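> Below are the chains, spelled out letter by letter.
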Amino acid sequence: MSMKKSKRTYRFILLIVFALVNALMLFGIGQIFSYFNTGADRSSILHTNLPDAKVYLPKVTWEDTINPGRPIEKTTLARITSHYLQSWYVKQVAYATNDPFGIEDFYTKSARVNLINHIEEQQQKNIRVASTSLQHNLSLDFYSLDGQMAVISDRNASQYQQIYKEDTLLFETKINPSYKAVLLLEDGFWKIRHLVKEVPQELATQDKLKESGFAEVKGQQLLVDNTPFIMRGINYYPQETPWDMFGDHFDLNVIEKDFKIIKNKGLNTIRIFVGYEDFGKAEVDPRKLKKLKEVLDQAELMHLKVIVTLFDFYGNYEVLDWTLTHRHSEQIITSFKSHPAILAWDIKNEPNLDFKSRGKTNVMAWLKEMILQVKKYDPNHLVTIGWSTIESATLLSSEVDLVSFHYYEDLAFFEEKYVKLKSEIDKPIVLQEFGISSNKGIWNPFAPSEATQARYHSSFSKMINTHEIHSMPWTLYDFTQVPSEVVGSLPWRKQKQKHFGFIDKKGNPKKAFTFLGL
Amino acid sequence: MKLYNKHIVIVLLLWVISSFFMRLVAQTESKVLLLTQQKVFEAREQITLEFQTSENALLYCHSSYGNALVYPNLELGKGFYCLPEFLSEKKGSIDFDLIAQGEKWYSGSIQIINSTQETILESYIGPPSISAGTHDFTMMTVIPTDEYDNPLADGTKATIKHHFLETITNESVETKDFIFWKTIFSRESSGRLLVSANINEISSKEFSIEVFPAQPTNFTIDYTRKHHYADGNQITTFTTSVINDAYGNIISDGTLVEVVIKNAKGGILKAQGSTIKGIANIEVLHPDAPEIWEASAYVSGMATSNAITLEYHSITDQLSVVFSKQNRKITVGPLKSFMKQLVPDGVVVKLHILKNGVLLDTEVATSNKGMVTFVLHKGFYESGTYSFQLEALGIIKTYSNIEL
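Each protein sequence line maps, in turn, to chains A and B. Quick note on the numbering used here: the first sequence kicks off at 121 and runs consecutively. Quick note on the numbering used here: the second sequence kicks off at -16 and runs consecutively.
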């Protein structure tokens, strides 16, 4: 009996194994078959059809393409530009990771050796370099008749580098060397054959002059139309579309009505937010720009000044991501560099909150460079950064025009802290956000009520008037919807964020409304 | 007294200037001092930068291809920074910063120039074939390097030599932007151009460039044929004159020549042939019916010939037709040619079958030993009155009211 049973078991096992082996073999054959049926088509062999990934976009200008060899075609010039930039990109990735991946595509065999040497040295000494180039001023020195060789000069190629040893930052540096490069067309790629750093020719960079008619800063005084200006403003989102002002439900009529309310309360400034992803990252959506223009035009019509906060919801700051953010700001800022309604560009809302997760070095370096970028494209408007606490306000205070901070802490300590800050900084100081949420309810009986909120604003307005503080409370409306990106998805946090307004969900003024603009 | 005053002014001025410079120096070199005076190094030299410092500061070097950090050898209050070979062997400027405690203590730069020991020529040429005449050219580009693969300095003298039909030309050039180059124009005759480059005794490899004849110019055509009969069997050969380019070079072998024939009905016939030693022979089958052809030849888009007219005569004016088997079998033939000989097999005979003036069908058959037979089966053609039209060798014969 047991003999028979074990025989049956063996038979069963054998059958299963047989079926498995067969299945495995079929699978293997299938894999081999599909392997030989996929892959290399001609365009991929010749690299004729590689999509340009938008991962690295330093500013490139061709200063001169006239060369003694032959006139260059636009498509070739675009290809050379793209491949030259990619040669920088792969080099920077290689030095940041100490992995020569991708080097092969953009450096010829003999040029590659040099990079490998550097990578090996870095590996040995446990060093890595996070770097990016910011600008390439190119000129074409030579383009051969058969279209296989090009010599280009890269004048004052601006680069930023962070040098790490065993993951601690040794130092950061910004350099502007010039290069001359010989490129050869191999396998459809323009590859670097020679790269020689040259003695940079210092050219007088012409600083763009500030046009007249824009806000200015003199010491601690803010001047608009040459007269002292005290910012009495408010942080603004339309009630129905908070954190999505320029989305599908954009309605200029709503904004116009809100601006009237703001104007009637005697306010003179609003602060609005431009989302980095919302506006299309490195390729800014022209439709969004149009909406922003409509808002700014409306503000100008109603004599409201606008602080535009850029890079909302941006949080990468990695050195290799810089150029994308630069292109983002370039497109927005050049579009509005002469817009009279803008008072200041606020580079980023509360960037100090990212110090912990993204590294203070990275965030600070990014901000510092971004200020330069904004000033490069727009000499007219002021620049500020909205720090989340008064303690952070001194950061980069020599780089910005206005020092802005947010205050959500205890009212009692404000005056003292403000006076101290004012004595330290010789620039206008803006209390860019403050407020209290009146989210008292069944679920939260100990939270501030509307009356508490009114008292809070009443006492704040006294301090504001005493010290003539540039101030903008948070915010005009109570909201029904708060996206999770703002305060996270925890319901009690969202609930709190919904009740900072001066006007409630039904559109009725809350008690604090009396003190708005007072 | 006046002189005395002047002296005081000069001394004061000197004091101001010197103190100003002292301050400048003090600002940049307060903590360390670079003792190495040499600023320019040749690629083969070993580079050791000597600083007066007792700090264990890092030397950050930024060179053509990347960065390097150099640690010092400290001896007697001096720091010796020996640059690694991969830095000191590569041409270009090296910017360096002495870094200690995250601060730059000293910044400077040195220049590395190419070694003058050895030269290697890396040469390219293109396009590899050009056409004769005086307008087309090729370009030789050379990247001269030293033994460390550094491009040579601008202004290095070089020669580009080329040989063409017993003539050797030497041309002097200078390097600029790391390369030297020369465009070489073709001559009026075709042939092979040999090109090479030199710097001193160092030579590049030899390149050969094919100088092809230029575009063909207009030419003439003629024809030969065994007889002038439209027998659909013999071949007429069109022959071009020797086709030359504008400079008298015979055009390249294999140039495609197309003969375009317009027949009497306005139809177009085409035939192609390629040239050998400038001559193309293009063969066309005789028509099988009397024809008048007007022929001309083209090298597409470049050259054309004169037009010639050819006449083909009928080989016979008779077509014997026999109806049998209740007229359901139609026998054509024997078909005879111009000497009363049987026509070669394959002459096309067409039979158009009509009923009440409506074309029902056309049957096509080819001759075999001079004969063609059509059989009209009952299944296809019911009994009745039909008309027939027979067409062969350009002759048309009509038979009406034939009872099947």
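These aren't lab readings, by the way, just hints derived from the structure by calculation. Being a predicted model, the structure only gives us computed values, none of them experimental. Please note that the accuracy of each hint is not assured.
Claimed, not checked - Here are the simulated DSS-like pairs of lysine-lysine, each with C-alpha atoms no more than 27 Å apart in a straight line:
#1 Lys140/B / Lys285/A
#2 Lys488/A / Lys209/B
#3 Lys248/B / Lys319/B
#4 Lys229/A / Lys22/B
#5 Lys245/A / Lys248/B
#6 Lys410/A / Lys380/A
#7 Lys194/A / Lys159/B
#8 Lys188/B / Lys294/A
#9 Lys537/A / Lys285/A
#10 Lys626/A / Lys377/A
#11 Lys22/B / Lys480/A
#12 Lys188/B / Lys22/B
#13 Lys285/A / Lys188/B
#14 Lys319/B / Lys294/A
#15 Lys488/A / Lys537/A
#16 Lys61/B / Lys245/A
#17 Lys229/A / Lys248/B
> Determine for every hint whether it applies to the structure shown.
Results for each hint:
{"no.": "1", "hint": "Lys140/B / Lys285/A", "result": "violated (46 Å)"}
{"no.": "2", "hint": "Lys488/A / Lys209/B", "result": "violated (94 Å)"}
{"no.": "3", "hint": "Lys248/B / Lys319/B", "result": "holds (25 Å)"}
{"no.": "4", "hint": "Lys229/A / Lys22/B", "result": "violated (31 Å)"}
{"no.": "5", "hint": "Lys245/A / Lys248/B", "result": "violated (89 Å)"}
{"no.": "6", "hint": "Lys410/A / Lys380/A", "result": "holds (21 Å)"}
{"no.": "7", "hint": "Lys194/A / Lys159/B", "result": "holds (24 Å)"}
{"no.": "8", "hint": "Lys188/B / Lys294/A", "result": "violated (44 Å)"}
{"no.": "9", "hint": "Lys537/A / Lys285/A", "result": "violated (39 Å)"}
{"no.": "10", "hint": "Lys626/A / Lys377/A", "result": "holds (15 Å)"}
{"no.": "11", "hint": "Lys22/B / Lys480/A", "result": "violated (38 Å)"}
{"no.": "12", "hint": "Lys188/B / Lys22/B", "result": "violated (36 Å)"}
{"no.": "13", "hint": "Lys285/A / Lys188/B", "result": "violated (47 Å)"}
{"no.": "14", "hint": "Lys319/B / Lys294/A", "result": "violated (100 Å)"}
{"no.": "15", "hint": "Lys488/A / Lys537/A", "result": "holds (25 Å)"}
{"no.": "16", "hint": "Lys61/B / Lys245/A", "result": "holds (23 Å)"}
{"no.": "17", "hint": "Lys229/A / Lys248/B", "result": "violated (67 Å)"}
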